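Going line by line, the protein sequences match chains A and B. What the first sequence shows, in the numbering used here, is residues 1 to 288, in sequence order. What the second sequence shows, in the numbering used here, is residues 289 to 574, in sequence order.
The hints are simulated quantities; they were obtained by calculation from the structure and are not laboratory data. The structure displayed is predicted, hence computed values, not measured ones. Ideal Cβ positions, reconstructed from N, Cα and C, are used throughout, including at glycine. Incorrect hints may appear among the rest.
[As the list claims (entries may be wrong)] Covered stretches of chain B (chain A as the covering partner; in silico rule of three or more C-beta atoms under 8 angstroms from a C-beta of chain A):
#1 379–387
#2 427–435
#3 506–512
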Amino acid sequence: MSKSSAEQKKQTKKQGRVIPGFGLTLGITIAMLSLLILIPLASILVYAFKMSPSAFIETITSENVRWAFLTSISASLIAALINSVFGVILAWVLVRYDFFGKRILDGLIELPFCIPTAVAGITLSKLYSDKGMFGKALGVIGIKVSYTHLGIIVAMVFIGIPFVVRAIQPVLEKLDGQYEEASYILGADRKTTFFRVVLPELRPALLTGFGLSFARGIGEYGSVIYISGNSAKEHTQVVSYVIMQKLNYMDYESATSIALVMLVISFLMLLFINIVQVRQSRRTNDVA
Amino acid sequence: MEKKTRREESKAAKAILITISFLFVGLMLVVPLISILVNSLSKGFGFYLSSLGTKFVSSALKITILATAAAVLVNTLFGLVASWALTRFSFKGKQVLSTLIDIPFSISPVIAGLAYIMTFGRMGWAAPIVEGINNALGTDIQIVFAIPGVLLATIFVTFPFVSRELIPVLNAEGTDEEEAAALMGAKGFSIFKSITFPKIKWALLYGMILCFARALGEFGAVHALSKTRGKTFTLPLEIDALYLSGSADSIVASFAVSSILVIMAVIILILRNLLEHREKGKSGIV
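Okay, chain B solo, but in the shape it has when bound (with noise of 0.2 angstroms):
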C-alpha cells in the first residue's frame, strides 16, 4: 500500500521534472536560438543576402577564419606536447604547471585583451623590440590594433582546450605500451604515430571542435585588440558593430550576420554530440 503510493508520487514527480527541464531549456535556450533566425529574415531573403554580400563582412569573415585556424593550429600543438609532458612523466610542479595551463579559463577575456595591450603596446615593454625588429629588417610589423593582436588574443582564450581533453584520456590509458614500445628500441615519433595517436584521436578530435567553436565566437578579448572595421575587425566584432549602429536595418544585418555563426554553432553542437556519444561508448566496452 505505501509501496503504490510512493511509486505515484514518483510518477508525479518525474512528470514536473521532465516539465521543468523542457521549460527552462526551452525558453532560456532554444527560444533565443530560433529568435536569432527569425530576426534575421525579418526583411525578406533578398535583404538576408545582401546584408551578408557587404565588404565589410567578407573582410570580417577573412579574420575569424585566420584567427580560428591559428588558434586551432598552435593550441593542437600545444595539447599534443603538453599532454605528453604532463602524462608521460612526472616530475616536480607537475600539478602547478596543469593549475597554470588552465589560466585562461578563469578570467575575463577582456584581461586577455590588455594583458598584450600591456606587451605590445605603446607603454608596453616589448613595443621597443618590435620597433627595433621593424627597423632592422625595414618592416612594419604592429601587433596591437593589427590582426597579429587578433590571432594572439583567440589563441590565449581557447588556449587550454585541446590539452584539457588530452590529459585525462592519456592519464587513464596509463604509460605500459608506449614504456614496451621503447624498451623495445621504438623512437619518440613512431611511439606517438603507433601507439598514442590512435588512443587519443578522438579526444584530439573532440579538443580541436571546442577549440574552433570557441575561437570562432571570441568577443571581449579580440575588441580590446581591434579597432579598424573592414581591417582588423572578426565577425563577432562585425554584429556588434552594426547592432550598435541603431538603425532598424543595421539591426537585421547584424541578425544575419549573427545567423552564420549560429548555423556553425549548431553544427558543431551536432558533431560534439556524436563525438561525445562515441567515445562514451567506448569506454563502455572497455
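Isolated chain A (complex conformation) (with noise of 0.2 angstroms):
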C-alpha cells in the first residue's frame, strides 16, 4: 500500500469505497496467503530451478515414477468416471424422488468428508482382503480388490463421491421442468429425454464434479495406501506414495521432481474447473 494519499483518495472516490479496513484487511490476507502457502510452495520451485534439468529428466522418466504416474492418473479416472455416473443417479434420486430415509442417504453422502483418510484407508483395506466381509464374497468369483489396482479404485470412489454429487444437485434443483415436459410432449421416451434434454443441462456441473473427484483421486494418499500394497512390481504404487518414500529415503532432488509434475498437473486441473465454472455461471446468468 505505497500509494500516495491523492492516489488512495482519488480511487476511493472513484470506486465509492466508503466502508473501512480496504488496506489492513487485503494486507493481511495477502501476508497470510503468502506466508503459508505460497512462500513455502515456491520453495519447492526454487529447489527444482536448482537441480540439472538432465536429473530431473532422469528421475521423471525412471519406470517406476512413470508406472506411479500411470496409475494414479488411470485409476483417478477411472474412479472419477463411476463416481459420476453414480453421482448424477444419487443427484438425481436425491432432487427429483421422495422417499423415506432421503434426509439420511442425503446427509450421509458427505461421510467420506467427514472420515480421516487414513481410517478410511485402513477400514477398506481390511474389508476387501481376502478376509474381510467383501473380500471374501467377491473372491468366490475369483475377483481380487486389496492389493490391487481395483482396490486404489476403490479408496478414489470413496473419496470422490461428495464432490460429483454436490456439484450436480444445485443446478438439477434449479433446472426448469418445462424443457423435459415439452420432450415428452413432443413424443419423446424418457431416455431420449434423459440424454437429449436433461444430461446437456448438467454438463457443465457434471464436469466440474468430475473434475474435483479427478483432482482429489490424483492426490490422494491416506486412504490409497493401505488398500494399494505399495508393490513396485505389480505397479500398485500411487504418485503421492512415491514422493513419500523419497522423502523418507531424504531423496529431496527426487521427491521435488515428482512433486513438480504433480503441481503442474493440480494447476492445470484448477484452470480446466475454473474455466468450466465461469461458463456454467455465465450460462446460468443468460437465462436469468
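Put the two chains together into one complex, using the hints given.
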C-alpha cells in the first residue's frame, strides 16, 4: 500500500469505497496467503530450478515413477467416471424423488469428507482383503480387490463421490421442468429426454464434479496406501506414495522433481475447473 | 393410455434408481463405517479401553487437539479477513487472489508437507533464519519434524475452508447496509459486529466445522513432517503406526483409535446437516 494519499483518495472516490478496512484486510490476507501457502510452495520451485535438467528428466522418466503416474492418473480417471455415473443417479434421486430416509441418504453422502483418510484406508483395506466381508464374497467369483489396482479405484471412488453429487445437486434443483415436459409432449421417451434434454444441461456441473473427483484422486494418499499394497513390481504405487518414499530416503531431489510434475497437473486441473465454472455462471446468468 | 404406461415406467425407474442409491451408499460408505466399530470391539471392551489408554495415544490426542485448534483459529481469522477484503471492495487481481486461496484444495497433502520441508528443513532457505533466531535468543525451536511443522501442515491443508463458506454469503448479501452504516459514521469494527456478523454467523460456524473435521483427520501432510511416535504424532499417524506394526492386537488397537475419530466424524456430520438445513430454510424465506 505505497500509493500516495492523493491517489488513494481518487481511487476511493472512483469506486465508492466507503466501507473501512480495505488496506488492513487486504494486507493481512496477502501476508497470510504468502507466508503460509505461496512462499512454501515457491520453495519447491526454487529448489527444483537449482537441479540439473538431466537429473530431473532422469527421475521423471525412471520406470518406477512412470508407472506411478500411470497408476494414479488411470485409477483416478476410472474412479471419476464411476463417480460421475453414480453421482448423477444419486443427485437425481435426491432432487426428484420423495421417499423414506431421503434426508439420511443426503447426509450420508458427505461421510467421506468427515472420515479421516487414514481411517477410511485401513477399513477399506480390511473389508476388501481375503478375510474381509467384501473380499471373501468377491473372492468366490475370483475377483481380488485389496492390494490390486481395483483396490486403488475403490478407495478413490469412496473419497470422490461427494464432489460429484454436491456439484450436480444445486443445478438439478434449479433446472426448469418445462423442457422435459416439452420433450415428452413432442413424443420423446424417458431415455431420449434424459440424454438429449437433461444431461446437456447438467454437463458443466458434471464436468466440475468429475474434475474435482479426479483432482482429489490423483493426489490422494491416506485412503489409498493401505489398500494398494504399494508394490513396485505390480505397479500399485501411487504418485503420493512415491514422493513420501523419496522423502523417507532423504532423496529430496527426486521428491521435488515428482512434486513439480504433480503441481503442474494440479494447476491444469484447477484451470480446467475454473474455466468450466466461469462458463457455467455465464450460462445461468443468460437464463436469468 | 400412453400416459399411463409412462407413469408405470416412471414408477419402475424410480424404484430402481432409489434402490441403486441406497445400495451404493450402503455398501460403499455405511458398511466401511460400521466395520470400523465392529473391528474395534472384536477383542472385547476391555481390550478396547486398554488400547486407548496407552501413552502414545494420549500424546497423539494432545497433538491432534493442538493442531486442530491452531488450524481452526488461524483459518477462521483468515476467513473473516479475506472474505471482507474480497467481497466488500472491488480491486484489480481479485479473481487471481481468490483462485490462489483455493490452491490447498487441489494439491496433494504430501506436497504440502514437502513444501515446508523445502522451506524450513536442512536444505531449506529459511533454515539459517530459524537457526539465527535460535542462536540469538538461546532457544531451540525446530519446525520440521517437530510440533510447529505439524501445526503448519494442518493449517495449510485447511486454509481455504472458512473463507470459501463466507465469500458466497457476503457476496449475496451485498454491501448496502455496511455502506449506510459507514456513511453515518460507524467505525469498522462496530459495522462488522452489528451488521456483518449476524448475517454470516451460521456460515462461519459451518466453515469452522468443515475446517475442524478436516484438521482432525489430516494425514498426508503431517506424515511428511512428523517422524517421532509419542512426541509429534497425531491420531491418524498413531493409527498408521499401529496398523502397520502388523500384529493382530495392534491392528485391533488401530481400529479402536480410529473409532474415536469416527464417532467425532458422525457428530460433525450431524451438526453439518443441521446447519445446512438451517441455511437452506433461511434462504428459502428470503
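Structure-based check of all given hints:
1. 379–387: Holds: 3 residues of the region 379–387 of chain B have a Cβ under 8 angstroms from chain A.
2. 427–435: violated (count 0)
3. 506–512: holds (count 5)
Violated hints amount to a single one, hint 2; each of the other numbered hints is respected by the structure.
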